Amino acid sequence: MDLAHISTDSHINHSHDHDHDHEELSWIQKYIFSEDHKVIAKQYLFMGIMWAIFGGAMSLIFRLQLGFPNASMDWLQPLLGDWIKEGKLDPEFYLALVTMHGTIMVFFVLTAGLSGTFSNFLIPLQIGARDMASGFLNMLSFWFFGLSSIIMMVSIFLETGPASGGWVIYPPLSALPQAVTGSGLGMTLWLTSMAFFIVSSLLGGINYITTIINLRTKGMSFFRMPLTIWAFFITAVIGLLSFPVLFAAALLLIFDRSFGTSFFLSDIYIAGEALQHTGGSPVLFQHLFWFLGHPEVYIVLLPALGITSEIIATNSRKPIFGYKAMILSMLAIAFLSFIVWAHHMFVTGMNPFLGTIFMFLTLIIAVPSAVKAFNYITTLWRGNIIFTPAMLFSIGLVSFFISGGLTGIILGNAAADIQLHDTYFVVAHFHLVMGSASFFGMLAGVYHWFPKMFGRMLDDTLGYIHFWISFVGIYMVFFPLHYIGIAGFPRRYYSFTGFDFTRSFTDLNTFVSIAAIITFTAQFIFVFNFIYSIFKGRKANSNPWKSNTLEWTTPIHPGHGNWVGEIPTVYRWSYDYSKPGASEDFIPQNVPYAHTPESNLPNEVDPVAHKH
Amino acid sequence: MGQTIKIDDNLASSNRPLSMHPKKFALWLFMVTIVMIFGALTSAYIVRKADGNWLEFELPLVLWVNSIIILLSSATIQWAYFAAKKDELNQVKMAMTITFILGSLFVIGQYYAWSELVRMGVFFGGNTSNPSGSFVYVLTGLHALHLISGIIFILIILVASFRYKVHSKNLVKIEMCVSYWHFLDFLWIYLFGFLILYN
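The listed protein sequences correspond, in order, to chains E and A. Going left to right, the first sequence walks through residues 0 to 611 as numbering that gives the first Met the number 0 numbers them. Going left to right, the second sequence walks through residues 0 to 198 as numbering that gives the first Met the number 0 numbers them.
I should point out that these hints are in silico values taken from the structure, not numbers from a laboratory.
The calculated DMTMM-like cross-link candidates involving lysine to aspartate or glutamate, where the alpha carbons are at most 25 Å apart (straight line), are: (1) A:K164 - A:D86; (2) E:K545 - E:D575; (3) A:K22 - E:E565; (4) E:K578 - E:D605; (5) A:K48 - E:D266; (6) E:K545 - E:D458.
Computed footprint of chain A on chain E; a stretch qualifies when at least three of its residues, placed anywhere within it, have a C-beta under 8 Å from a C-beta of chain A: (7) 132-139; (8) 198-211; (9) 235-244; (10) 248-257; (11) 282-290.
Please read these numbers as outputs of a predicted model, since none were measured by experiment. Beta carbons: idealized from backbone N, C-alpha and C, even for Gly.
Turn these sequences into a full structure, and let the hints steer you where they fit.
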């Protein structure tokens, strides 16, 4: 492709413009330390898939413990070594598994793997830019994530185990090595890893926002942007505002752990002896943590919702219902996400009046969420639905979003939450609405944009099998957990057989564990499909889904710079599907109104016509 | 929506005037993240103070001197910017050098303030420490860390100015440096005021 042309045409003032010139990039510059947003996106995707397999496998190990408490785990000894003692899983390692599963899934898979992949891949392609505002920072962002991943991975192999105080790392559990062995070096590495992760997220987020605001192509006004871009934009803003707060909390925790300060620790006695820490407040940590923690939920979910909007509109062959309502609800969700954090802390002894305020604000989130759910359904309503695998996963997301969201209303009530707090009800709630929904969004995105990423198609049949097993499997895993939670069984407990009232749930747990094993195994259908199709998949044409957005106007294998020649100009929004009068059921964004007189509405005139 | 955007055909998409230089915009976003860190820390300070068991102590007087130094440095860096705009390259060099010296003095002064605190018996950690003291160390320390990054930025501009690369046709970098420095100055005044008010 014509690289030299791009360097003169590019409106990105890259400091590295010179390496666009004729010289060929070395293999390392092309595939390892690449500054091309598409390569970086794929790097994030591969890393995300790898972490997802790790995180999922961890959950299987503790599901085995919960579902089959009497079975011997000796066969896992070659893998887990001393963590299996006399055929039993070490209870402290159980806690470590739960902690790492949470950390990996929330941060490494559904934040980095989801936002990192699709924000990087789609933002320049869908707004019509050659690349991100700073390719260099983008590369740094990925490699900070790489560094963070390596450190987290190392912590899993420590003899004392990785962090095991839960992914929320509440002090004093996380602050005192006496509490659990994982709070020693494992926790130190967790904090180090997360510090790099935060740097990575912030570098990424700064780049996304800057790119969307400054590098849109001619005609791409804010209200012509696809909803994917809006979702990535709002996600990046949320991340930019909330991750620094986690950084502040982690910093104070590091000081408490290693420098003898007492921000979060107060008057603790261990074996009758007082520790030197006085005057700290553990609840303060929870405030700081959840100020990130709650927005983090939407950092995970919003990109998935954005991807879903795009896929559902495309495959319903209908404009998205309520385009502006979708944007407004995302903005409302983003705003509200910052003022509801204390609903995670109803049982910390906070002032009940304050609890009522947080409850009220929390329940308001149901309004924009419901608007979004209705808009998805009304987009589907009487559409010419094409059930591609991506479409099925998107519809699956809507299903999880509704069924998991409804339990959010129950949990948001302070009175109900006192019973349900930290039970399996909470586990069921967030695994559906945040975990599975976002995971389905990510899968939908991969199925939909795979042709653009690799120039080939994923196999549809394998995709359908993957979808149905995953969809049914996820409900079989998480639906029963609601009952266990209402009965009052707390999460993170090692054994259901320890108490009389929970023994009756043993068979239900066995069922859940079997469902989890099936669901997890089914993901390898996808992994196979993914790897196989990269090399041997059916060759894709340039616009396989007959979609309107700009990424499908690039060559099948776009080079660095995305478009050969000039970047297309945008004349319309991205949802002109099945427009009355039009010869085809889609009109790409780069088609001027002058070319479609048969379908134009009275107010649709090209601004170019008024040329002076 | 389409009609509200005025598209000028004379401008190719490649040189469409941007609302802001992308790098400057990114710098502003970076400053937002710093605001959030310090916002979180000062909020934590207020919440923790309300819990009681709070050591009260006088802030070292040297902090006043440091504040004056950093305010002066803001003035000198602005002078450097104006000089660069007028292509008075010798003045740019001089003003940037003075800013660099003032910035370094500020960091040294902050370190001196820490040793004052230690002399007063206000420690960062250990048996006798109290969060009220620890917070002062964290706030000043983290600010100093950012200020050092600002000094490195100044150093880069200083070197560039000696190579005659800072002039009215090439202002982006110095503009970014000036914004960042003013921001750090303002941040300090905020922190100092906060500590005086809530001590």
